[in-house]
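Each protein sequence line maps, in turn, to chains A and B. Going by the working numbering, the first sequence opens with residue 245, and the numbers climb by one from there. Going by the working numbering, the second sequence opens with residue 245, and the numbers climb by one from there.
Honestly, I wouldn't trust all of these hints.
You can't tell identical chains apart in this list, so a pair holds if it fits in one copy or across any two.
[To be verified] In silico DSS-like cross-links for lysine-lysine, where the CA-CA straight-line distance does not exceed 27 Å:
(1) Lys529 to Lys386
(2) Lys292 to Lys386
(3) Lys536 to Lys358
(4) Lys269 to Lys320
(5) Lys559 to Lys529
(6) Lys269 to Lys417
(7) Lys417 to Lys292
(8) Lys357 to Lys417
To be clear, the hints were calculated from the coordinates, so they are not data collected in a lab.
Below are the chains, spelled out letter by letter.
2 protein chains.
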Amino acid sequence: MCAQQEDYIQTYLAAIEDELQQAVKQAHDNGNTQLHDMLAYHMGWQGKPVNIDARGKRIRPLLVLMTCSAAGGDWKQALPAAAAVELVHNFSLIHDDIEDRSPLRRGRPTVWKKWGIPQAINAGDAMLTLAHLQLIRLTGKKSPSIVLNAVEILQQACLHLTQGQYMDLAYEKRNNVTIDDYWYMVEGKTAALISVSTELGALSANCDDQTRIIYRSFGRLLGLAFQVQDDLLGIWGDADITGKSNQSDLITRKKTLPVLYGLSNSGEFTECWNQAPVCPDQAEKLIDLLEKAGGKSYTLAKAMELINNALNMLKEAHPMGSAGQDLKNFVLNLIHRQG
Amino acid sequence: MCAQQEDYIQTYLAAIEDELQQAVKQAHDNGNTQLHDMLAYHMGWQGKPVNIDARGKRIRPLLVLMTCSAAGGDWKQALPAAAAVELVHNFSLIHDDIEDRSPLRRGRPTVWKKWGIPQAINAGDAMLTLAHLQLIRLTGKKSPSIVLNAVEILQQACLHLTQGQYMDLAYEKRNNVTIDDYWYMVEGKTAALISVSTELGALSANCDDQTRIIYRSFGRLLGLAFQVQDDLLGIWGDADITGKSNQSDLITRKKTLPVLYGLSNSGEFTECWNQAPVCPDQAEKLIDLLEKAGGKSYTLAKAMELINNALNMLKEAHPMGSAGQDLKNFVLNLIHRQG
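Just need the whole structure built from these sequences, with the hints factored in.
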């Protein structure tokens with residue numbers, strides 16, 4: 245990333261953080277800050293360590309602002325939408341961590357680990373509500389009918405998210421998950437919120453409906469690519485950069501794309517996989533078998549195909565000037581990320 | 245209740261049920277009905293037994309429609325708002341049941357008991373999302389700015405609900421809960437959603453802002469009265485009608501208004517209460533001590549005071565004709581309910 249790119253990203257990130265903090269402050273209740281503090285902890289502003297890593301990458305709100313700019317809008321107008329999608333993402337993380345019983349998130353204890361499951365469920369509910377409240381702050385910047393359109397788009401994405409999450413949880417208990425099932429789940433679980441990011445960015449730029457829908461499709465393809473890349477990094481990533489062992493996806497028996505490929509294309513892999521639970525030695529063997537069966541190259545090719553489709557879709561939206569180039573570069577960086 | 249009242253209530257209830265079913269159908273996902281079926285079960289439309297009891301009383305949506313009529317509006321216009329508040333209420337029940345580890349709701353296993361905690365958390369999230377999606381259906385009946393106003397009012401109530409729920413969960417672990425703390429919690433936990441019911445009813449009738457706010461205050465007072473009445477029934481209600489033992493609130497150590505009164509006014513009660521856990525014999529003794537200390541009459545007087553305040557507030561809103569009388573009667577029936 246060149247210095248100029250870094251500059252505008254830093255500007256965006258600072259504005260996003262400010263907007264997010266304003267949103268979360270609404271959880272203050274007559275001087276009572278406890279609920280707020282749970283949310284502030286999850287967002288990486290409180291608790292130890294407080295640092296950039298504890299906040300996550302803010303990829304979705306960056307996409308909202310960058311799409312707004314690329315579509316010829318003023319990125320500041322898109323800040324409520326940017327905060328809203330990031331808060332929905334974080335709501336889903338708080339609840340996912342309970343559902344998956346994950347003890348750690350971004351290197352720190354998860355909300356349910358610190359405050360117990362009942363308070364963590366409720367904190368997630370509050371975070372979701374704050375997301376939608378923040379989106380309504382578009383009022384004043386946009387006409388009521390545009391704001392209402394944004395509200396509906398985000399709620400539909402939330403519904404899609406819960407449908408994807410239903411599948412993800414159901415697949416854990418199923419032995420016959422197919423690659424088709426995988427795409428169906430990922431559409432909701434990952435692509436819905438990334439496509440809403442680019443769509444709301446375009447909406448904030450006052451795009452016509454057709455262009456807005458093209459930006460949405462671009463986001464959807466990007467979201468699918470993002471998930472496939474995540475699956476790749478979960479097995480072949482650099483553990484020092486991803487922050488987790490490249491055996492953990494296998495040990496927790498995640499039905500990722502390479503695993504599903506292995507299950508439908510390699511008897512040897514399937515046999516080894518079915519000897520649950522997976523121990524570290526077995527994980528190494530599974531990785532070898534996957535590579536031999538072509539699971540790594542298949543997944544890599546799929547990621548590349550999706551990212552190319554996403555970039556072609558972006559071209560169709562005719563993104564403007566340097567902001568358009570920035571968005572393209574951001575996408576390329578995302579897909580070449582190592583963690 | 246006279247025959248005429250029953251008639252219009254049946255008409256309202258049928259229309260509410262239809263609107264709710266339309267809303268929940270949106271959880272259907274490309275022919276996949278599993279997530280939908282969890283929600284339909286909770287709503288009392290699927291699973292055994294399917295009967296009116298499994299659905300709950302639909303008090304909040306009835307209040308929306310009745311307030312709309314009393315404020316001179318067409319109740320059919322308020323149906324999306326009526327369904328929305330009932331869905332928010334049911335979202336909170338699904339999550340509350342997990343948080344409280346309640347195995348039964350309306351005489352049937354709770355959602356988490358049937359499908360496990362992870363799927364139940366996600367089902368609650370879906371229910372909340374469907375609530376807000378349904379409210380947006382006011383579009384077409386109302387101008388975008390009125391719909392947006394309704395959306396914000398409901399989201400603010402949801403935030404208030406999570407603030408109240410935070411307190412309710414926190415109080416379980418605290419020994420020094422005061423009557424002031426109680427009111428603070430009940431404002432969010434119960435009053436927020438009942439005040440939003442009357443407010444959205446008024447909004448759907450195109451009331452001016454001042455009248456709408458009076459209807460909201462009426463709902464708030466009614467909500468507070470409703471909770472106090474609930475606390476009374478939890479100890480002195482007829483178990484055959486309430487459907488639960490009048491010892492269960494004491495055995496689960498709920499910090500209800502009569503209990504908090506006992507703790508601050510009766511040394512004998514406090515001593516007995518502190519001998520946790522409460523067994524059935526002790527529960528009978530606690531009830532006796534509460535009555536002796538005046539806890540029952542205090543709570544009853546408080547309920548009456550609140551209901552009178554609510555009725556006075558309703559008078560200020562100048563409800564119209566027979567619909568206004570119906571609303572008043574509905575309130576009186578609510579407070580004289582036995583279960």
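Okay, the hints, checked on the actual structure:
1. Lys529 to Lys386: neither (56 Å within a copy, 62 Å between copies)
2. Lys292 to Lys386: Close neither inside one copy (39 Å) nor across copies (48 Å); limit 27 Å.
3. Lys536 to Lys358: neither (43 Å within a copy, 42 Å between copies)
4. Lys269 to Lys320: within (20 Å within a copy, 37 Å between copies)
5. Lys559 to Lys529: neither (42 Å within a copy, 77 Å between copies)
6. Lys269 to Lys417: This pair counts as between: shortest inter-copy Cα distance 25 Å, intra-copy 39 Å.
7. Lys417 to Lys292: between (35 Å within a copy, 25 Å between copies)
8. Lys357 to Lys417: both (24 Å within a copy, 17 Å between copies)
The earlier numbered hints that this structure contradicts are 1, 2, 3 and 5.
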